Amino acid sequence: MATATVDIDRLIYLTELTGMPVEGPNGLRIGRVREVALTPSQHPRRVSRFLIGSGKTRFMIRYDQVATITPSGIRLADDRFVPYYPDDNLLLLSKDLLDQQIVDVNGRKVVRVNDVALRIEHTSGRDEIWIQEVGVGLQSAFRRLAEGLMPGAAIRQIQRRIKPNAIPWEFCNIVEPDPRRRLKLRISHHRLGQLHPADLADIVEELGPAEREALFETLDNHVAAEALSEIKPKIQLSILKSLDKQRVADIVEEMAPDSAADVLSGLEEEESQEILKDMEQVPAAEVEELLEYEPDSAGGMMNTQYIALHEDAAVRDAIEALRGNEDLLKNLTHIFLVDKKEKLVGAVAAARLFVAGDDAPLRKLAFQETPSARLDDDRARVVELFDKYNLFTLPVVDDEDVLCGIVTADDVISVLNRES
Amino acid sequence: MLKNLRSRIAVFFAVLGPGFITAMVDNDAGGIFTYSEAGARYGYLPLWSLIPITLILVVSQEMCSRMGAVTGKGLSDLIREEFGLRTTFLLMVVLLLVNLANITANFAGIAGSLELFSVSRYISVPVGALVVWVLIVKGTYAGVEKIFLVASSFYVAYIVSAVLVEPDWQLALRSSVTPVVMLDGGYLALLVGLVGTSVAPWMQFYLQAAVVEKGIDTDRYGESRIEVIVGCIVMAVIAFFVIVSCAGAIWAHGPRQIHAASEAAVALRPLGQYAYILFAAGLFNASLFAASILPLSTAYSVCEGLGFESGIDHRFEEAPVFYWLYTLLIVLGAGLVLIPGLPLVRMILLSQVLNGILLPVILVFILILVNRRDLMGEWVNSGFYNTVAYLTVGVMVALSAVLAFLSF
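Protein sequence lines, in the order shown, are assigned to chains V and C. Be aware that the first sequence starts at 54, since it is given in the working numbering, and climbs by one per residue. Be aware that the second sequence starts at 71, since it is given in the working numbering, and climbs by one per residue.
Derived by calculation from the structure, the hints in this document are not laboratory data. No experiment lies behind these values; they were computed from the predicted model shown. Please note that a few of the clues may not be correct.
[Claimed, not checked] Negatives, chain C to chain V, calculated, CB over 10 angstroms:
#1 Leu155
#2 Val204
#3 Leu376
[Unchecked claim] Reference excerpt, derived from the structure (chain C facing chain V, CB under 10 angstroms, subset only):
#4 Thr141
#5 Gly377
#6 Phe386
Built from N, CA and C at the ideal position, the CB exists for glycine as well.
Just need the whole structure built from these sequences, with the hints factored in.
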């Protein structure tokens, strides 16, 4: 859980700042602060504009026109005021942050903003306000509810007794659906792309549809593919429908063929054909083949990312094959042996390759008997085989015993988890 | 053409759930009590009110399911984002209290219906509370929704029970289309009560959240809209049969006031053992059904609006506030029923008055939100729709004022 990093006496809250009186250089009251804004393209933390209201008029001052800022008010250094006009380069703290959902990159979850904590920075001859953290817990909720109903000092007294829960500004990620504004405000989803795909998927599920779309538009294909594989099927579909076809093809191309087939099987026939047409030939062919099988059968569960060698091959050949397929190494547990008609004859545990000599024939290292499933075996049968033989990888063969693909333990765990 | 029709029907069943379940739960213990009272005291006369009630219900429910499908966000989420924490907090506190009264009313319904089968409330209520709690905490949304859909079919009990009573069908049908307003305090209060029990604030929150949870988007919204309308009509049909049962069984032999829905069941007894059992079983089903949905819906709405993790897909440690609130609502709701000498009928009436007062407020929020072009895009209300909706709010405000006036 995130906690406040700075003592609250050094902080000034957005709810206090809005409503704070503003005096001109001569000490005369000219209005109250209505809104404050950052200009992220110039500085990521410094409040750059103050929107001041006096009666019905609204005007704006720049940060370098401020002389001093104290908890009792703001004093200006000059009195050149500019009328307020909406500006896309400004991040308005009350309007754009309060009550909105943001992503806590560090805590890997979606949170709703209760209040914003800022601090006063004394620089050469004048004061600035820098954003510090975003309040999400009970403490900030209490402040928000009590502001204006009891004296500020009393609020702070009570606030001190509540456990703080705040997210440092550098870990706050705003999800802005409008791409133009995203650019102007320098909001990137780069850091979200670095999260584990499963965490990213959880975050995506919590967001609204517009925000989801925004995120997927900015993630790179590979990250988007990995995250998409982990998202609930219903939400997968709504994301795919919101993106343009070429982009969907690019993302699906990056997915493991079995996940890609799962995703596409949820779409209408026409749509999935269109996406397959836009993909590169080789991955498209693999996915298309997998789409033929019933989703609940061994054929529907399998993927085609395996290494198979001829039964006469030696350890040297196996190592050679591994070097040529580096993207498979992360999850590879076995190498499969086939005869010249591509019929499955055995399997060698990858770890055995390390302890055998280069010239050793793979056949000698293989198991006596290799359990396998048929393409049309149902899900229950696959789970049963995994359980009975304590497998990590199960080869799937057709009626002629020809090796077609493999089912891996992670697929089985997903199936079991969904069923429970 | 046939294939097209078949795929449309398939989509309809895929979206079946939110609208239908909401409308069914609407006929909860409080609803059945009010319908029974209507039939027992005034016979077939109040039947006409079901048509305007259905209209009001459709208008308010449709807006929420549309907002859910377009924005992908719950109603309390939207209220929070557009109106701020303080407004949301106040609204949630009131919603919590109102819904607690509703939950209590339904546990009272469980107690009353099972006492007809000689089960003590000190057994039925705790067991009912436990069943409700386990169902939600240990179940998944899809599984729970299936159970709810099955529970919806048990409302057929009321139709069978009405047939067994052998009421005057001709008179019933004629009364359904003949509006009668009498300047009689009791009758007016009853009309207000009928509307108040049929359009409740929690329904708006529940429906929108369920539409979002089900992942219905604008592509499938057409079917979802039909589902909402069908649900509202089925709700009115069941209300019709409850009123007719009591009109045939009680009013026809001498109009009188009843004090609990279970009393209506007892009155059916001379007309046949089956009518009696079915009516009582229907009441039990309705009460248990609503007692499962209301605490859940309340915990969802409050946590969403105030920014706590919510949802039965989360584990207890991930969403502690959600689960504690849910548990507390069940424990309090069931616990209140067990306090000896507590006036349960007054509790049910109170829950309806509170519903009636909160509803116009919620409807105004809904109308503001549903007309925001930046939220809804092309899905904002049409001018005609707005006229109907504002008229609905106006009628609801007037009725609630009358109801509040009459009950104090």
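> Can we trust that Val204/C is non-interface, i.e. its beta-carbon lies farther than 10 angstroms from all of chain V?
Replying inline: holds (16 angstroms)
> Can we keep the Gly377/C interface hint, with Cβ of chain V closer than 10 angstroms?
Replying inline: holds (3 angstroms)
> Taking 10 angstroms as the cut and beta carbons as the points, is Leu155/C off the interface with chain V?
Replying inline: violated (5 angstroms)
>> Holds or violated: the hint that Thr141/C contacts chain V, with Cβ atoms closer than 10 angstroms.
In response: holds (6 angstroms)
>> A cut-off of 10 angstroms on Cβ-Cβ distance, and Leu376/C was said to be off the interface with chain V. Does that hold?
In response: violated (7 angstroms)
>> For the restraint on Phe386/C, tell me whether the closest CB of chain V is nearer than 10 angstroms.
In response: violated (16 angstroms)
Of the numbered hints listed earlier, those contradicted by the structure are 1, 3 and 6.
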